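*Asks:* Residues per chain, in single letters:
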Amino acid sequence: MDAGLLAQFVANGLMLGMMYALVAVGFTLFFGVLDVIKFSHGDVLTVGAFTGYSTYLGLKLLGAADPWLQVAAVLVVACSAMALLGALIARYLVMPLKSAPALNILLATLMLGTVLRESVRLFYPDGANPKRFPRLLPTDAVALGDFNLRLDSVLLFLGGLAVIVAIHVLVNRSKLGLAIRAVAQDEETARTMGINFTLVVLFTFALGSAAAAFAGVMNGLYYNEINFGMGLWLGVIGFSAAIVGGLGNIYGAILGGFLFAALQTVGAVALPFASAYKDVFAFAVVIAIMAWRPTGLIAEKTSERV
Amino acid sequence: MKKLLGALLASALALGLAAGGAQAAKKTVKVVFIGPLTGGVSANGIGGRNSADLAVRLRNADPKAKYHYEMVVLDDECKPNVGVQVATKAASDPSIIAGATHYCSAVAIGTVDTYHKFGLPVIVWGAVLPDITYGNDYKEIHRVNGTMINQNDVNAKFSTGQGYKTFAVIHDTTDYGKGHLKYFSEYVAKYGGKIIGTFGVTADQQDFNAELTQIKSLNPDAIYFGGLTPIGVRIRSQMDKLGIKAQFIGTSGIVSDAFIQGLGPLAEGTLAFREGAPVDKLPGGKFFTAKYAEAGYPEGPEAYGAFAFAAMNLILDTIERVGPNRNKVTAALEHVKNVDSIVGPISFDDHGQNTVAAITKYVAQDGKWVVWEDSEYASGKRKLAK
Amino acid sequence: MSAAPRTPLWPGIAAAALVTAFAVAFMWAENEWEVIGVLAAAAVAVLVARRSGWLAPAARAFETREPAMNRVALAALLVFVAVFHGDHFPLLMVGTVLVYFTVCLGLTIQFGYAGVVNFAAAAFLGTGCYSAAVLAAHSAIPHLALIAIGGAVAALVGSILILPVLRTRGHYAAVVTIAFGLLFKTFLEVNDTLGGPQGLKLPSMRLLGMTFNDNFSVAGVEFSFYMHYVLAALALAVLAFAVTRRLERSWIGVSLDAIRLDETASACFGIHIARWKIVAFTLGNFMAGAAGALYALMLGFIAPTSFTFGDSLVMVSIVLLGGIGNPWGAALAAAIVVVLPEKLQVIQEYRFLLYATMVILVLLYRPEGLLPRPLRRYLPGWRPQ
Chain A
1 MDAGLLAQFV
11 ANGLMLGMMY
21 ALVAVGFTLF
31 FGVLDVIKFS
41 HGDVLTVGAF
51 TGYSTYLGLK
61 LLGAADPWLQ
71 VAAVLVVACS
81 AMALLGALIA
91 RYLVMPLKSA
101 PALNILLATL
111 MLGTVLRESV
121 RLFYPDGANP
131 KRFPRLLPTD
141 AVALGDFNLR
151 LDSVLLFLGG
161 LAVIVAIHVL
171 VNRSKLGLAI
181 RAVAQDEETA
191 RTMGINFTLV
201 VLFTFALGSA
211 AAAFAGVMNG
221 LYYNEINFGM
231 GLWLGVIGFS
241 AAIVGGLGNI
251 YGAILGGFLF
261 AALQTVGAVA
271 LPFASAYKDV
281 FAFAVVIAIM
291 AWRPTGLIAE
301 KTSERV
Chain Z
1001 MKKLLGALLA
1011 SALALGLAAG
1021 GAQAAKKTVK
1031 VVFIGPLTGG
1041 VSANGIGGRN
1051 SADLAVRLRN
1061 ADPKAKYHYE
1071 MVVLDDECKP
1081 NVGVQVATKA
1091 ASDPSIIAGA
1101 THYCSAVAIG
1111 TVDTYHKFGL
1121 PVIVWGAVLP
1131 DITYGNDYKE
1141 IHRVNGTMIN
1151 QNDVNAKFST
1161 GQGYKTFAVI
1171 HDTTDYGKGH
1181 LKYFSEYVAK
1191 YGGKIIGTFG
1201 VTADQQDFNA
1211 ELTQIKSLNP
1221 DAIYFGGLTP
1231 IGVRIRSQMD
1241 KLGIKAQFIG
1251 TSGIVSDAFI
1261 QGLGPLAEGT
1271 LAFREGAPVD
1281 KLPGGKFFTA
1291 KYAEAGYPEG
1301 PEAYGAFAFA
1311 AMNLILDTIE
1321 RVGPNRNKVT
1331 AALEHVKNVD
1341 SIVGPISFDD
1351 HGQNTVAAIT
1361 KYVAQDGKWV
1371 VWEDSEYASG
1381 KRKLAK
Chain X
2001 MSAAPRTPLW
2011 PGIAAAALVT
2021 AFAVAFMWAE
2031 NEWEVIGVLA
2041 AAAVAVLVAR
2051 RSGWLAPAAR
2061 AFETREPAMN
2071 RVALAALLVF
2081 VAVFHGDHFP
2091 LLMVGTVLVY
2101 FTVCLGLTIQ
2111 FGYAGVVNFA
2121 AAAFLGTGCY
2131 SAAVLAAHSA
2141 IPHLALIAIG
2151 GAVAALVGSI
2161 LILPVLRTRG
2171 HYAAVVTIAF
2181 GLLFKTFLEV
2191 NDTLGGPQGL
2201 KLPSMRLLGM
2211 TFNDNFSVAG
2221 VEFSFYMHYV
2231 LAALALAVLA
2241 FAVTRRLERS
2251 WIGVSLDAIR
2261 LDETASACFG
2271 IHIARWKIVA
2281 FTLGNFMAGA
2291 AGALYALMLG
2301 FIAPTSFTFG
2311 DSLVMVSIVL
2321 LGGIGNPWGA
2331 ALAAAIVVVL
2341 PEKLQVIQEY
2351 RFLLYATMVI
2361 LVLLYRPEGL
2371 LPRPLRRYLP
2381 GWRPQ
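Protein chains in written order, with the numbering used here: chain A, 1 to 306; chain Z, 1001 to 1386; chain X, 2001 to 2385.
In case anyone wonders, no lab produced these hints; they're calculated from the structure.
Please note that a few of the clues may not be correct.
[To be verified] Each computed EDC-like pair below joins lysine to aspartate or glutamate, with the alpha-carbon atoms no more than 16 Å apart:
| hint | chain 1 | residue 1 | chain 2 | residue 2 |
| --- | --- | --- | --- | --- |
| 1 | Z | LYS1117 | X | ASP2214 |
| 2 | Z | LYS1030 | X | GLU2030 |
| 3 | Z | LYS1030 | Z | ASP1093 |
| 4 | Z | LYS1089 | X | GLU2342 |
| 5 | X | LYS2201 | Z | ASP1113 |
| 6 | X | LYS2201 | Z | ASP1131 |
| 7 | Z | LYS1178 | X | ASP2192 |
| 8 | Z | LYS1117 | X | ASP2087 |
| 9 | Z | LYS1361 | Z | ASP1280 |
| 10 | Z | LYS1139 | Z | ASP1113 |
| 11 | Z | LYS1383 | Z | GLU1268 |
| 12 | Z | LYS1194 | Z | ASP1131 |
| 13 | Z | LYS1089 | X | ASP2192 |
Please read these numbers as outputs of a predicted model, since none were measured by experiment.
With the hints as constraints, model all of the structure from the sequences given.
*Replies:* Given below as structure tokens:
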């Protein structure tokens, strides 16, 4: 295999990894703060993508034609709408179930994910069919031998990277981030220290959901298509990636996301007879990793009260 | 409480009798329509449903009709197991006499046993896999549209004639895609072309970068796609992403407005083939288009609407002739020879297959599927890829 | 201590009879209005029964006079099946409900008793289906054995997951079974030897010289061929139910409950956690696989799209809605989940949305489900005050 082809595969893998990492970071944030797995995260991504699509349609109707304006508007509307949705989910579904057994929250959020997915399918006009997401980013390409480098892919990658860096800076360098980390460490003590628990939780969920919306729009721009089932798959992969990397650890989530994408790309390259096996391969590896390291590669530091 | 119950029962009884009385005029006969009403190919399914519904409506408006017809509509979601489920539901209902069934070949091939088991005569209106009629000896299965054998013959001849010698084949892993692969390989070898790579993909695959990257390194003249619209749209747009300049050639599975809508300007110059003449060149084409427009359906009839109409019409004609009895209808359908319909004379051979000689070549031009001979590509004003 | 007076049986019998009558009316209902009418009448009847204090004695009869009530329930089901002896589709639905019930019994053992979460129930059902399909097409193994083999293969496949399932807890365990469920469907779709997306066809089931796919008549009465399968599924379900009940009542059941409630304490008391989790997980998968083998033979056709993650979630919803750990609840919920969308065509499309919403509501407001699992009773006749 020549360098150009290899570079193409690597580029594909990086893009996939970025999208998985964005979803995984969301899972990790939620878990860190509230000890919950919000399974509906993937479907929030879908709703975000569809919100972005509707924004685009609305803008087209209003006559706004500048693609940069459209991209900005789509992102802003999708992210803020999903931030709101995330906060609502936290307030009305997750927090009331905080004291219930952990499995109940898992199931409740799984079902919520189904509700979101089916709502998009049933209530969005012609929701069951894939929708063509517009090409808003410049499509100039540079051909380096066999490797076709597209400007929009580069922009998307850099955008995703910027979001991850921003989240990292927010969580580690700001006062609000300090509050988030405090709540993640010990809820009662954080409350005693005067941190408004509810507000921090709502903000964290909003942040994670906005990241999901960004990933959804990115997905739409990359594949030029969105459909109601896109979130389920991305959600499970993001969740597996977060778990593999160790829940509660942002670096672990990012590592997990890129690792999963690498697994899939390697699977696709190494098994040329059926690249469809790559999903089977990737999930099988996840199960194996869970058997070997039950709490992920970067193990979460917990102590269990008996 | 008892009085209330008694009153309710009495009123229910009265309502039931009244409703029954109103129907006493003409006996109601039920027929069924099965097609993919949700999912990626729903446009074709809904088009077929509207067309079959048109046939039933026109028949009910006809005062000379002996019966009043009710069309039961079932959705097979283009999935074999759902198809078998709804087929069982329809076929096990003794009040349903006959049906016009299936656009997706993968579903149609799975349900043939079900119809035979329960003895429901059906006419396929959109599925092109030959095995549906030729793979079994069931008297219940018939088909008005053609099979993919002729389609691939014409495809191979035309494509090699246009100068494309090396082909990469992407096909879906259902029997539909595999059937296309089989027949195309046969014919392309006959006309001097060569297949340099074959890639099987799942019907709902999202990411084709792996396959397309390998295809790019193989550098074929053209990419032949044996599959349906949803993944056709994805493959074509990801081809563009990777900078693959080969010609994209499809089958009847992508001859739908949904394909062009999904791709926008990228669809330009795609080749595709379909059995049957284009609607306006069919014997009953103008009649069908006029009546369809008059009925005011929000969606268009799509590529196979005319066949669905013809299938349902044939069913209704047969029931009018021999009465609402499954066995009699099956027996009557065995002897269909040169029966007039909007798609031309229908004759079922010993396997229930109608011969449709004409294959139409399409090219996507300016956001529409245009017949090749009428297009600017044929006249030389525009050029195909490579 | 004097023996407590035996709880009267007749409220339970009356309840069973009423439920059967409603079920028959429900199946007979032709159009949507009739269906809604029957449902409304049923809801009203339940409310009236609760208000007038008739519901409690019936529930008590079910709890305390279990052997007799089991026979009553079986008789009621046979009466129901007899009413629809000639109709194909209602019998097919009954068969499907019985199959789902068996799978959910397996899930109850795994999840309701031992606390082992399993989001791949449809995958194990599918394993049973596919093993039956492959063996029926390529070997001469008697079909009755296929059911047992289907269960064994599912248990074997499940053993791949045992190590990860044992070592993980809570949501980590969830991801293992979710990943497996997704892997299973994808694997089937890309694998041509197992039929690929086109699926596999199965021949008619043959037992004791009878071909199950032929309609038959007894004393001039026409029976649909689905009757064979319904009776077979009923036998399987009764067997599964008996096993589940015996398991729960025994000291194994107590151990499983202890493990679910508090692993550390159970370990302190000497309960071998790994062993009992493995037993519960494997037994549950065996039941799912056996039900799958029968299901495949009944349908005659299986394809990978029947065994998606969504289907596993439906089965988990059935267990949750009915009441975790209560087999009767699972039976009721299975009947509702399978039959309602078929009858109420208008909700057919919305059914996933409906189930998911109902489960969320149940989890928020009534986590014990429709028929909560009754407290374990150690002293005969004792009732909580």
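*Asks:* Take the hints in turn and mark each one as holding or not.
*Replies:* So, going through the hints one by one against the coordinates:
Between LYS1117 of chain Z and ASP2214 of chain X the alpha-carbon distance is near 9 Å, which keeps this suggested pair within the 16 Å criterion. Between LYS1030 of chain Z and GLU2030 of chain X, the direct Cα distance comes to roughly 14 Å. Compliance with the 16 Å bound is thereby established for this hinted pair. For the suggested pair LYS1030 of chain Z and ASP1093 of chain Z, the alpha carbons sit about 10 Å apart, so the restraint of at most 16 Å is met. Taking the CA atoms of LYS1089 of chain Z and GLU2342 of chain X, the gap is about 10 Å. The hint holds against a cut of 16 Å.
Of the supplied pair hints, the one linking LYS2201 of chain X and ASP1113 of chain Z holds, its CA atoms being roughly 9 Å apart against a limit of 16 Å. Of the pairs offered as hints, the one joining LYS2201 of chain X and ASP1131 of chain Z holds, with about 15 Å between alpha carbons and a cut-off of 16 Å not exceeded. About 11 Å separates the Cα atoms of LYS1178 of chain Z and ASP2192 of chain X, which keeps this hinted pair within 16 Å; it holds. Among the hinted pairs, LYS1117 of chain Z with ASP2087 of chain X is consistent with the structure: their alpha-carbon atoms are about 15 Å apart, no more than 16 Å.
Restraint check for LYS1361 of chain Z and ASP1280 of chain Z: the C-alpha separation of about 15 Å stays at or below 16 Å, so the hint holds. For the proposed pair LYS1139 of chain Z and ASP1113 of chain Z, the alpha carbon gap of about 11 Å is at most 16 Å, so the pair holds. For the hint pairing LYS1383 of chain Z with GLU1268 of chain Z, the CA-to-CA distance comes to about 11 Å; that is within 16 Å, so the pair holds. Pair hint LYS1194 of chain Z plus ASP1131 of chain Z does not hold up; C-alpha atoms about 26 Å apart against a cutoff of 16 Å.
Among the hinted pairs, LYS1089 of chain Z with ASP2192 of chain X is inconsistent with the structure: their alpha-carbon atoms are about 28 Å apart, more than 16 Å.
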